[in-house]
Amino acid sequence: MKPLLLRGGRLVDPSQKLDERGDLLITGGDVAGIGGQINGPEEADVIDCEGLIVSPGFIDVHCHLREPGREDVETIATGARAAAAGGFTAVCAMPNTDPVTDNQAAVGFIVRQALRAAAARVYPIGAISVGQEGKVLAEFGEMVGAGAIAVSDDGKPVASAQLMRTALEYARTFKIPVIDHCEEPTLSAGGAMNEGIVSAHLGLKGIPAEAEEIMVIRDILLARLTGGHVHLAHMSTKGSVELIRWGKERGITVTAEACPHHLSLTEESVRGYDTNAKMNPPLRTEEDIEALREAVKDGTIDLVATDHAPHHYDEKEREFADAPNGIVGLETALAVVVTNLVEPGHLTFTDLVNRMSCAPARLFNLAGGSLKRGATADITIFDAKARWKVDPSTFLSKGRNTPYVGMTLVGRTACTIVAGSVVYQYLPVQGRTEMNRVRG
Amino acid sequence: MTETIGKDLLGLESLTGDQIRLILDTAEPFKEISERAIKKVPALRGSTIVNLFFENSTRTRISFEFAEKRLSADTVNVSASGSSVSKGETLVDTARNLEAMRIDMVVIRHSASGAAKFLADRIESNVINAGDGTHEHPTQGLLDILTLRDRFGDLKGRRVCICGDILHSRVARSNIWGLTKLGAEVAVCGPRSLLPNAIDEFGVQIFDRIEEAIDWAEALNVLRLQFERMTAGYIPSAREYNRVFGISRERLDRANRDILILHPGPMNRGVEIDSDVADGPHSVILDQVTNGVAIRMAVLYLLAGGKPELAEAAKGGSARGREDRE
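Chains as they are written, first to last, in the working numbering: chain A, 116 to 555; chain B, 74 to 399.
Since the hints were made in silico from the structure, they are not lab data.
Just so you know, these numbers come straight off a predicted model, no measurement behind them.
Any given hint might turn out to be false.
To be verified - Restricting the straight-line Cα-Cα distance to at most 27 Å, the calculated cross-link-like pairs of lysine-lysine (DSSO-like) are:
id, chain 1, residue 1, chain 2, residue 2
1, A, Lys363, A, Lys353
2, A, Lys487, A, Lys290
3, A, Lys431, B, Lys80
4, A, Lys363, A, Lys431
5, A, Lys271, A, Lys132
6, B, Lys254, A, Lys320
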């Protein structure tokens, strides 16, 4: 592997409190030098990073790659390439596949497919319960041994408090977080959007904020009871933020994520019955967005995750109540965060890198999240000023379902590097013959 | 005055007060056609209309069919059972197939909120919403309003209370939008478990007790209680509903003045409304049914491009052919 020199970028690495212009040298897949002017070896490939931000690679702890089971919608390979295009050097794949990723063989399959894809890293998340049926605990130990980095029944809430308690206790042996999809199922049953004035106008059954918040406080209390690490997926309400703050103030091991769409869009997007605005948890109100932005800023929400959920285009092309939940997010996440949180001044780029790289690496105990000398060279280079119009036909994901279609966003990936190898690039590399080559 | 109501009639929320008045005014001359011995005029001669009913309906479907036939349109009825829909065809494919047969209008009844808009966004033909899920039922709202207008004249400041299951009622929503746009004062009354949580943001009064609603109202629009609401746990029983919210002669007599009684049908006698009220002197329930045909004729005529001021004359000619004669 040839050495790689990233020349003249703005190095943003909160792990070493760094935000300055300088070079970065990669040799043998690791960061060999950072800062100032570096005279790399003669044979090194050089990437001109003038005007670009160079940061530890983004890590998405929440995406749905649909393989095995729905390879027509997404595969691990297309998902890993889409991730790389979005600036993610690693993503964590949720286990609600078909069959469910609830045993070591299924976990091993994802690990192997990810290696073949050779794009962004893909870490499997195992199921909490066998078949995600909420009854019998899956084999956490064997799944972790095969490569799982967390457990979750995402897509379905863990309805039984006793099962959640046991999962949090049992997961302590393996030091992995238990990720919960917070939704009180009897309260949300049949719901298609946020409950409020818009659902009342449209005649759609609503999901009240309380359906999420009841489970948020339940999980926080169970984390207190068990000492386990609960990670709350896709937080969407102001009340959830207040409850998480309450838990953190008491030293309870609770962490949480928010998705770009919950930080930028409201229930108003559903008017006109646009199924691209249908997801679970649903888009909420302006007040919720404000609380979530504040929480991302102050760390109450630890990280930003995409909940990337591709669907076949004609599955979304139907009556609102019958359309599936979820949108693709890997290729728009960076731009949505820059446009809606950094540009208006809610976050700095240091905050952004913290929430999208350092925090997920730290909390999920993953490689990356730092550009310190000797660290694995998982690196994202992005243009914080580039304006582009969202055109789903250009996505590397097989999914096209996005509410951002046609919008002009700011910020896009220039280059994604995993273990010293370029897996996505949108700019030329001196010394290479192939331009804009995407590996894999 | 606005001269058009647009390509489709999807709901009353998106219409202006003027557009609603236009439909009501256009319905007036059409009322008379149904009183004739030969109930047919050539206004929509040559037009093809599909009545696409994915949900059971007797009254609305028959009313539309009469309206279409009395305007001389060619009509086809499609119901969900016995069609390709029951074989798993999606709504979008059904729409495309209808469009490919070069039809002029679709009247759609569907159990999903937004289904009429979904169809309207995808086909060139005019789409009339004949009830979509729990969203809107605009022609029902219009015929209720026409019936009220027949009795009250101007609706400005008139007090109308909608009683019952507001949460699941498309009729309630269309009435609320239509009546408020015409300046009426609107209230709702029903168990809180059957009112939307955000009802106070609709700009309507809320009565928890039916007695208070009767004290206040000049007209009551009594909604049908769907029996599946009991199995779903919204209310305990039909018997208790009748005792707490039922419209009885005794309750009305206490108000000591005439209160107009409407019901969109079909009625559950002895549940939301007692028989002596439904059959009583202040009930306009059958007038609603009669007005339904006129309202639907007006909507069909206007969407087909008919000029409202020519509605009277159109009774002797064709809306679509009108351009040729000018």
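For this session: List, from low to high, the hint numbers that the structure doesn't satisfy.
Result: 4 and 5
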